[in-house]
Amino acid sequence: MNWTSPRFYVPALFLLALGLLPVYAMVASQPFYVTLFSRIMIFALAALGLNFILGYAGLVSFGHALYLGVGAYAVGILSFHGVGNGWLQLLAALVVGGLLALLIGAVVLRTSGMTFIMITLAFAQMGYFLVVSLKAYGGDDGLSIEQRSAFGLFDLNNHTVLYYAILFCLVAALWLFSRMVESRFGMVLRGVKSNERRMLALGFPTFRYKLVGYVVSAQVCVVAGFLLANLTKFASPSYMVWQVSGDLIVMAVLGGMGTLFGPVVGAVIFLMVEEVLSSVKPGWFPQIEEVLNRHWLALMGIFVIAIVLGFRKGIYGYVVEKSSKEAKA
Amino acid sequence: MSALLSIEKLVKRFGGLTATDHVDFSVAAGEVHAIIGPNGAGKTTLISQLAGELHPDEGRIQFDGRDISRASVPERSLLGLGRSYQISQIFRDFSALQNVMLAVQAHAGHSFSFFRPAAREAALVGPAEAALKQVGLGQRMHVPAAAMAHGEHRQLELAMTLATGPKLLLLDEPMAGMSQAESEEMVQLLKNLKGKYGMILVEHDMDAVFALADRVSVLVYGRVVATGTPDEIRNNQDVKDAYLGDQQEAI
Amino acid sequence: MPIELLFVQLLNGLQYGVLLFLLAAGLTLVFGIMNFVNLAHGSLYMMGAYFAAWAYNNPIFGIQSSFILAAIVGVLGSMVLGVLIERLVLFSLYDRDHLDQVLATFGLILVFNEVARFIWGPSSYYMEVPEQLSGTIKLFGIDYPSYRFMIIAVGLLVALGTYLLIQKTRIGMLIRAGASNATMVGALGINIKLLNTLLFGLGAGLAGVAGLMAGPILSVQPGMGEPILIVTLVVIVTGGIGSIRGAFFAALIVGVIDTIGRVFLPLLLANLVEKSLAQAAGPAIASMLIYLLMAGVLAFKPQGLFPVKHG
Chain A
1 MNWTSPRFYV
11 PALFLLALGL
21 LPVYAMVASQ
31 PFYVTLFSRI
41 MIFALAALGL
51 NFILGYAGLV
61 SFGHALYLGV
71 GAYAVGILSF
81 HGVGNGWLQL
91 LAALVVGGLL
101 ALLIGAVVLR
111 TSGMTFIMIT
121 LAFAQMGYFL
131 VVSLKAYGGD
141 DGLSIEQRSA
151 FGLFDLNNHT
161 VLYYAILFCL
171 VAALWLFSRM
181 VESRFGMVLR
191 GVKSNERRML
201 ALGFPTFRYK
211 LVGYVVSAQV
221 CVVAGFLLAN
231 LTKFASPSYM
241 VWQVSGDLIV
251 MAVLGGMGTL
261 FGPVVGAVIF
271 LMVEEVLSSV
281 KPGWFPQIEE
291 VLNRHWLALM
301 GIFVIAIVLG
311 FRKGIYGYVV
321 EKSSKEAKA
Chain B
330 MSALLSIEKL
340 VKRFGGLTAT
350 DHVDFSVAAG
360 EVHAIIGPNG
370 AGKTTLISQL
380 AGELHPDEGR
390 IQFDGRDISR
400 ASVPERSLLG
410 LGRSYQISQI
420 FRDFSALQNV
430 MLAVQAHAGH
440 SFSFFRPAAR
450 EAALVGPAEA
460 ALKQVGLGQR
470 MHVPAAAMAH
480 GEHRQLELAM
490 TLATGPKLLL
500 LDEPMAGMSQ
510 AESEEMVQLL
520 KNLKGKYGMI
530 LVEHDMDAVF
540 ALADRVSVLV
550 YGRVVATGTP
560 DEIRNNQDVK
570 DAYLGDQQEA
580 I
Chain C
581 MPIELLFVQL
591 LNGLQYGVLL
601 FLLAAGLTLV
611 FGIMNFVNLA
621 HGSLYMMGAY
631 FAAWAYNNPI
641 FGIQSSFILA
651 AIVGVLGSMV
661 LGVLIERLVL
671 FSLYDRDHLD
681 QVLATFGLIL
691 VFNEVARFIW
701 GPSSYYMEVP
711 EQLSGTIKLF
721 GIDYPSYRFM
731 IIAVGLLVAL
741 GTYLLIQKTR
751 IGMLIRAGAS
761 NATMVGALGI
771 NIKLLNTLLF
781 GLGAGLAGVA
791 GLMAGPILSV
801 QPGMGEPILI
811 VTLVVIVTGG
821 IGSIRGAFFA
831 ALIVGVIDTI
841 GRVFLPLLLA
851 NLVEKSLAQA
861 AGPAIASMLI
871 YLLMAGVLAF
881 KPQGLFPVKH
891 G
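Chains as they are written, first to last, in this note's numbering: chain A, 1 to 329; chain B, 330 to 580; chain C, 581 to 891.
Derived by calculation from the structure, the hints in this document are not laboratory data.
Please read all numbers here as calculations on a predicted model, not as lab measurements.
For each residue, glycine too, the CB sits at the ideal point set by N, CA and C.
One thing to keep in mind: the hints can contain errors.
Which stretches of chain A does chain B cover? Using the computed rule of at least three CB atoms under 8 Å from a CB of chain B, they are [unchecked claim]:
| id | stretch |
| --- | --- |
| 1 | 174 to 188 |
| 2 | 204 to 213 |
Over the 12 Å line for every Cβ pair with chain A, so calculated as not near, a few chain C residues [unchecked claim]:
| id | residue |
| --- | --- |
| 3 | P639 |
| 4 | Q712 |
| 5 | A767 |
| 6 | T777 |
From just these sequences and the hints, can you work out the full model?
Structure follows, in structure tokens:
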């Protein structure tokens, strides 16, 4: 482990900063920051999950927001029926999420390229309409959650405790993925991305590995959705719309799909840009301000196009590549 | 002696074109059987059907006593059929060693291991290093494949195929794009492998074919027009007219 | 089950199906030839609807509430817009991988939706059904809204026209050849880029037709393009990428199954299971039908119902 390489110190600094944020928020009397960064970390977790198959296996899933919904509604529906135990809710979320990912994965992974992208989008949309049609659970309006998941050992109703629980999940996921990408399994996925035809010719039955990878990546999004429902105390079909799936892809690419930590950087930047654009009040031109605040999505759109045309390796990816070039020189 | 691989009446059509026209063919264990023929004769199509990437319309393929006509590409590799490609199919993002380690890994049990770093598994590293040394890339193990020269890609291509421990090698123009010197080295390498593996060698390089082959089959418009020892083929008038004649003009 | 209801819903399904076909035709051909899916196709549909509605509601050269004028503005507007975005943004993406194409068109969708929201506001922009078509016509003794019947008629005419274009003209032959092997067509000296721009314009025009006709019966609002775009993706995947015939049949099947499913499945379920369960499960399953259909087709024919054979 090269301690001076950005591969180490950038993630380390980020995580350290995230770890100290609640302290800063308390000192600066801005409790809002804890909520903001809780949300950012949740999406960082989801983007990390997506990137396991996007960046490492080359599978462009445009439907991962579906699994955010599964996690969120597991909390919502069980809470609605009086089951407030966090362990049970999490178990339910993972079981449903796992089965769904297995079923959907078995269908979508038989296709490739643009068709794969299109049908992952279609299945996520199916999930969205399914949830909207469940009037008993709020339908289009979503479902309010009275109490955050009860875990016994710690109380998620405390914003700071929830924050650290989310941070813990993020760090755990990072650690897990760092092991997995170098394992036999990870090498298979990476080989599939690099040259699937050769992987088959070498003797790898690639389908089963892609399927397992897909399920793992989906489950990480399920956990993210679980945490999101706890943060907002709300489960909504809006967590599952195609734009969210697209946002996750943008976060992964923006940060750097080819790296482990990239999606975290991407999520932070994406959501902070979103935050700034939608609420900036520099005070000079009130009319432009208003337009900006209401139509910031257009700027996001241009931002996304610019990334595609310009910043393909992602911001963190670029940093890492530059440093490894310098190391060789 | 029963053949290691035998093809019976293989047919493959693409619309109106018959790319493989009732081909009968066999290779014994340890035999080098070369396939030659003019461009467009259907050599790569034949190899693809043997490897499982294309499915024949008619006919049977038997390998090591089993009918593999319906077997998938990975299944055939696991049964002992190793293929190398005319255009190197390597993993450009990985080092040479990682490339070959993947090949070893494919035949070293399942890959549902999630925590142990593959790079530290002696069972993967050992055979991979050996294969690389065997093809002459012993000093280039940690070089990223993308940074290697074309000739080294061909060597790496072969190393990967060898590392899967095959019984039969399907070599599609292993010397494609190589310089004279590189080709001679490759021929020497293949000579060292003779006898240990059955080989189907598709090649344009006649020196290589005559140096290595035990038998030669000539493919023209999807049909085998002649099969025999290299000398028999060299002296076969039909073959000369159809194919070698053009080659001699080229020389 | 009342026969009249079934008949009306069948026609509604047909009407939805031809709208889907209009969208699917352009999308599948561009994908078939350039291996590129323009997700912003839904935006062209939306802009067609907005342009038409705007032309209908506002006097242009003194003419107002003219459906013909609205149609011209809507279709031409989307064609011009389509060609513009193809030449300015999309052409640079043809050689890129699918991820880049998806992201860039995603960005375009965001921009278009905000532009629409900026110009016309976030709520529905109303376009009334033109007076001449606001009545009903009698089909087999049953009353059916004239406007919806017009959509079916126009849609089928366009389908016929597209079929004739693709199957019977030289341009059509080039398009079919391109869908089968674009590189070869290019190597034969045909200007593939021009062919594709034309195709794109045609597809955009078809999307505009769909948008203009859908305007009065669906709501014209920002973001209206994406839900129908996703169903269109289901159609072209089910029908077979690059195949007009596939798009046609899949569009009609999807349109009919979705419409009939939504109306009859809850009724059917109510006969089989207890009422409250039927009331919950009925709409839920109905909403999933077309996706389950797609999954079912892919399970047996991974290339779709009428796959294009690639040379």
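Hints versus structure:
Here the stretch 174 to 188 of chain A counts 9 residues with a CB under 8 Å from a CB of chain B, which clears the bar of 3, and the coverage holds. Note: the stretch 204 to 213 of chain A has 5 residues with beta-carbon separation from chain B under 8 Å; the three-residue rule is met and the coverage holds. Listed as outside the interface, P639 of chain C is consistent with that label: its C-beta sits roughly 28 Å from the nearest C-beta of chain A, beyond the 12 Å cut-off. Under the 12 Å C-beta cut-off, the non-interface status given to Q712 of chain C relative to chain A holds; the minimum distance is some 35 Å.
Residue placement check: A767 of chain C keeps its beta carbon more than 12 Å from all beta carbons of chain A (closest about 23 Å). Listed as outside the interface, T777 of chain C is consistent with that label: its C-beta sits roughly 20 Å from the nearest C-beta of chain A, beyond the 12 Å cut-off.
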